[in-house]
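Colleague: Sequence:
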Amino acid sequence: MNEPSLYPSDKSIDNIAEFRHLFSEHKKDVFAMALSILRDFELSEDVLQEVYIKLFTYMKHNEITNVKAWLLSVSRNTALDLYRKKKRELF
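Heads up: the sequence shown begins at 1443 in the working numbering, then just goes up one per residue.
Since the hints were made in silico from the structure, they are not lab data.
Note that CB positions come from ideal geometry on N, CA and C, so glycine has one too.
Treat the hints with caution; some may be incorrect.
Unchecked claim - Just the calculated beta-carbon pair ranges, DEER-fashion:
hint	residue 1	residue 2	range
1	L1532	A1459	29 to 37 Å
2	A1511	F1533	30 to 38 Å
3	F1533	I1506	22 to 30 Å
4	D1523	F1483	14 to 22 Å
5	R1526	I1495	16 to 24 Å
6	L1532	T1507	37 to 45 Å
7	I1495	A1474	17 to 25 Å
Claimed, not checked - Quick list of in silico lysine to any residue cross-link-like pairs, SDA-like style, CA-CA up to 20 Å:
hint	residue 1	residue 2
8	K1510	A1459
9	K1528	H1468
10	K1470	Q1491
11	K1510	I1479
12	K1496	E1460
13	K1527	N1508
14	K1502	L1522
15	K1510	I1495
16	K1510	D1471
17	K1496	A1459
18	K1496	D1523
19	K1529	H1468
20	K1502	L1477
21	K1528	A1511
22	K1496	N1508
23	K1527	A1511
24	K1510	Y1494
25	K1528	L1477
26	K1502	H1468
27	K1510	Q1491
28	K1529	I1495
29	K1496	K1529
30	K1502	L1485
31	K1469	A1511
32	K1469	K1529
33	K1469	K1527
34	K1469	E1492
35	K1527	Q1491
36	K1528	A1474
37	K1527	K1470
38	K1502	K1528
39	K1529	K1470
40	K1527	F1465
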């Protein structure tokens, strides 16, 4: 018995292997972007996780033509948002 796929085959991640490939290929760049902004290893790991959750969710419904550019842009924006939030908490 075949189980139904959780993800539609058009304009989405076809399988977990593809997602893992994207993760292993770009995780250093995403982490480096976050670390350059936040200067905090643990917060940068949080950004890395959040960015890949966003990628997984976004790719279920949309097609991304340049994944690396999308990841770096989302990483930068997510890190900046977190930086601003932490800055407000200090004051």
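Colleague: Tell me the numbers of any earlier hints that the structure contravenes, in ascending order.
Modeller: 1, 3, 9, 13, 14, 19, 20, 21, 23, 28, 29, 30, 32, 33, 37, 38, 39, 40
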